[in-house]
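Undergrad: This is what each chain is made of:
There are 2 protein chains.
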Amino acid sequence: MQTSERQKEIIQAAFDLISEQGIQELTIKKIAQAVGVTEPAIYRHFTSKVDILSSVIDEMIAQRNAALLQVRSGSSTARDMIRSFFSVQASLFESRPSLTIMLFPEDLFRNNDELLGRATTMMEETLARFRELLQAGIDEGSLKPGIDCGAGALMLVGGFRLLVASWRLDAGKGRAGRLEADTGSFLAGVFSLIGR
Amino acid sequence: MQTSERQKEIIQAAFDLISEQGIQELTIKKIAQAVGVTEPAIYRHFTSKVDILSSVIDEMIAQRNAALLQVRSGSSTARDMIRSFFSVQASLFESRPSLTIMLFPEDLFRNNDELLGRATTMMEETLARFRELLQAGIDEGSLKPGIDCGAGALMLVGGFRLLVASWRLDAGKGRAGRLEADTGSFLAGVFSLIGR
DNA sequence: GGTAAGTTAGTGATCGCTAACTTACCGCGG
DNA sequence: CCGCGGTAAGTTAGCGATCACTAACTTACC
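Chains as they are written, first to last, in the working numbering: chain A, 1 to 196; chain B, 1001 to 1196.
These aren't lab readings, by the way, just hints derived from the structure by calculation. All values reported here derive from a predicted model rather than from experimental measurement. Backbone N, C-alpha and C define an ideal beta-carbon position, used for all residues, glycine too. A hint or two may mislead.
[Said to hold, decoys possible] Straight-line C-alpha distance at most 30 Å; calculated DSS-like pairs for lysine-lysine:
#, chain 1, residue 1, chain 2, residue 2
1, A, K8, A, K49
2, A, K144, B, K1144
3, B, K1049, A, K49
4, A, K30, B, K1049
5, A, K30, B, K1029
6, B, K1030, A, K29
7, A, K29, A, K49
8, B, K1008, B, K1030
9, B, K1049, B, K1030
10, B, K1008, B, K1049
11, B, K1030, A, K30
12, A, K30, A, K8
13, B, K1144, A, K29
14, A, K49, A, K30
15, B, K1008, B, K1029
16, A, K49, B, K1029
17, B, K1029, A, K29
18, A, K8, A, K29
19, B, K1030, A, K49
20, B, K1049, B, K1029
[Claimed, not checked] Computed beta-carbon distance windows for the label pairs:
#, chain 1, residue 1, chain 2, residue 2, range
21, A, R178, B, S1192, 46 to 56 Å
22, B, A1181, A, G146, 14 to 24 Å
23, A, A34, B, A1181, 37 to 47 Å
24, A, S87, B, R1044, 47 to 57 Å
25, B, T1027, A, T38, 26 to 36 Å
26, A, D170, B, R1044, 34 to 44 Å
27, A, L169, B, S1192, 26 to 36 Å
Please take these sequences and the hints and turn them into a complete structure.
TA: Below, the structure is given as structure tokens:
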């Protein structure tokens, strides 16, 4: 079944609300207000709140896959792919801060085993992709040989997560463009260690 | 005012419950059940739920400061301090998994500005300490010169956070000792890049 | 006239928290 | 040694608010 326009609106509203106020503040009423209808109208498009959150995860996975695909087709070396993946993510987050929850799926769904499992899988897949990318970079010679790919993936993804976590906390004051700038210098710092 | 035994019990129960079920599942009733009293009895020891959470943050900050102090007195080089800090944390988390929330204060208190501010400050302080440690390591010669300390701190702390986040998700199956082992190999991987 | 999508009104459950009462222990004057 | 009152810490019962969700009705469109 394809998702209707209203369903997309609802998913997007849930996305934004989670990002702004946290998952514990997400209510059907708030979603309804954001969309511009009353509370029960939401249930014409989703069977339950879990159903909505499930679609939110689907959206996250789709977004990440799209980002990886976009980067893969537009880059020559694995090193470039890594760099442009984070750049794309950073500029995406600058323009739509609500999307940052994509990076932190694990603490969103702790009260639902199925959703938590999918979030965990999503996180592990992301790490696995980066291990592959690092290995590819070593093989093709754009990265230093002898790098521990597991540690490298943790460094890269974990460091970026922490950067984004800090960035979205101090909302307001001169935040515009800062994530992209900080991401750039973070990547420069990392590549000066692992690149060659 | 010093904290009574009951208050310590309550803080510890809140700590554990948050870790096991997430902050959105934390209720006064559950805390009361864990402590072994009825719900209103909790209010003999704390004025509100926010009051409890505030004490939980105090406890987190105290724990981190104690860990840093312990490591500082027992290590010779900055490099050793970094290594033993994460080792101590990892073994601490193995024995008491509930303490892992110390690493993720920022998503616990998003609905309360004061608590969120304190959590943010705590995170930034931790990062600043690691920047100092890295700089000290460079100055004393145990770390490679030319390292970007900002990026290095993000790598280290962010990578460890991600490692712990993954570890605590797959509860149960053969988890014993794995965090310490994984932390060890993560640190080995990082130090092979930044050490000398 | 059937269907999709909205509405108002209201369900039971649970939330943080309070009122009012009980109980146990304490120091102290007679 | 006894009784008295104050206080800390527990109890039962319940408050108003809010939660996810539902029943029943209306409206607009093909």
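Undergrad: Output the indices of the hints that this structure fails to meet, ascending.
TA: 13, 21
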